[in-house]
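Trainee: Given the structure of chain A, go ahead and fit chain B onto it with the hints provided.
As a plain string of letters, each chain reads:
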Amino acid sequence: MTTLARVQGTIMAAILAPNPPFAEECGIDAAAFARAIAIHRETCRAALRTTLSIGFPILRKALGEPAFELAANDYVDRLPPRSAWLEDYGQDFPAFLRMHRPALSDEDEAIGRIDAAVNRALHADPEPEWPADSHPIATLAHCDESFLHSVRLIAHPASQVLAASHRAARRWSALALDERWPAVGRPDDPLHLLVVRTGDGVRVEPITGDRLALLTLLQDGGGLGEAFGRHGAEMASHLAWFLDRSVYSRWTAAPRSEH
Amino acid sequence: MSAAQRPRAAFATGLATLAPDAGLGLRFPHQHHFIDGRPEVAWLEVHAENYMGYSAATQTLERIRNDYPVSLHGVGMSLGSPGRLDAKHLERLKALAHRIEPCLVSEHLSWNQAGGLHLPDLLPLPLTEEALDVVAGHVSRLQDALGRQVLIENPSSYFEYRHSTSSEPEFLSALARRTGCGILCDVNNIYVSARNHGWSASAYLAALPAEAVHEYHLAGHASVALDGQACLIDDHGSPVAPAVWQLYREALRVIGPRPTLIERDQHLPPLPELLAEARHAGQLLAHALAEPCAEALP
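Order-wise, the sequence lines are chains A and B. Everything in the first sequence is counted per numbering that gives the first Met the number 0, starting at 0 for the first residue and increasing by one. Everything in the second sequence is counted per numbering that gives the first Met the number 0, starting at 0 for the first residue and increasing by one.
Hint data in this document are derived by calculation from the structure and do not stem from the laboratory. Treat the numbers as computed from the prediction; the structure is a model and nothing was measured. Among these hints, one or two may not hold up.
[Claimed, not checked] Covered stretches of chain B (in silico footprint by chain A; criterion: 3 or more residues with CB under 8 Å from a CB of chain A, positions within the stretch not fixed):
1. 87-97
2. 107-116
3. 160-171
For every residue, glycine included, the Cβ atom is placed at its ideal position computed from N, Cα and C.
With the rest of the complex left out, here is chain A (with noise of 0.2 Å):
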């Protein structure tokens, strides 16, 4: 290891230490190194709070902002960021919240995983590596309806389906949009909801019946064909509710995949 290395390495661990020891081989005043692991550490931890707080702004909401801050301190101190991309950052915190913190409820720890599915959403590639064979997904409908029955559907990557509870839902979207989705399906289930790119933001939304069945085979790589078979009558008007909301992105006529 080179001496620059060595040092770096050093200051590092001094920054993440809690009460890091003087480090006498990174050539620093003693007085001078305390002083500044202590403006680097609160530099740090403060800029982390900041992505966690913008990342999720309605688990913020729910648990109120001393909490917030001090289940973010944890979070920080124990799992620094391994990039300079902080779009990410975080994606485990609810995950760790319900680990490290119990007295955190299931219901915190959901409406922390609908804000990170949202941040997801915002910050996905917009073009990824698409396969060769595929089209975009407008060209669709120029295809007539026999061959549509050959056709697999490519997802948005910002696009994603998650589960919470019913409560955890409809709590997150009185915090988050300021209105309460209205009781669908029985309570005891988990909520299925639908998180998509706008055209100026992310929309999220319960998805139930029939579409959340289509969606499922969907995803899981089944086709068109299968879809028709299943749904029928509704199969057209489920399409196209699905295209208005830019679930899907591509398509390709290749068989499905067996894994």
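Mentor: Frame of chain A, contents of chain B only:
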């Protein structure tokens, strides 16, 4: 010949399109003002890392870019870390530069990555030959990847390394000679470090190679007492201090007028307050442009 030893090369810059006028650091809460009202300011600068994703904010920046020159200011490349640059981060910066077509691209003389971890802060380097080789190699790689000159900003610091073998201006001069990079002279950082370490800020300015300086930064700092000792912290949380304005006037005399940016990251005030600071910088720049050059001054 290694990248670190490569002689100074000529790179395309955006300088031809950016006059020595005052700009503003664009922060998310102020974005809509630049879409709705087109406030008068010569150019804008953003932290590159905030726009590397495909968020609505990035799309808004693309719209703003139609009306204002935009400079990309990186904070995450860790040019002072031994080893390779983060290839993914470099690709993201390259893609952003392709989309935004920035007037300037800048980064820092600092490190923030070690042992696979990243700190959202800018840590100072020991100013040694080893560090110069590392930074010069990375700056050359960055410039090659972007196909343009990059400006490197002097850091603020709260400690010094005993084993440093050169001063910061000497280090930056050598870096500019070796790589052809430019220097982003952060006047507040010079003031903060000079006060913290007992340097002469005037001597620092005089030692910088004026021809390599292509941009100034101005920001506020905080004064705190730590263990009974006064310390200045570069927190970008208040207006530019009178002493920093004074040092900026000195920089304009000694180095000359350059595009100048007002930065604020903490306690963000209403936009008009920042625009007023930018106007003040613009007035000082205009005055300096009408003044005789440094050599003629007493």
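Trainee: Confirm or reject the coverage of the stretch 107-116 of chain B by chain A under the rule of 3 or more residues with a beta carbon closer than 8 Å to the chain's beta carbons.
Mentor: The restraint on the stretch 107-116 of chain B holds, since 7 of its residues have a Cβ under 8 Å from chain A and three suffice.
Trainee: Report holds or violated for chain A covering the stretch 87-97 of chain B, Cβ cut-off 8 Å, minimum 3 residues.
Mentor: This one holds; 3 residues, not fewer than the three required, reach chain A with a Cβ under 8 Å.
Trainee: Within the assertion that chain A covers the stretch 160-171 of chain B, do at least three residues meet a Cβ-to-Cβ distance smaller than 8 Å?
Mentor: holds (count 3)
The structure agrees with every numbered hint stated previously.
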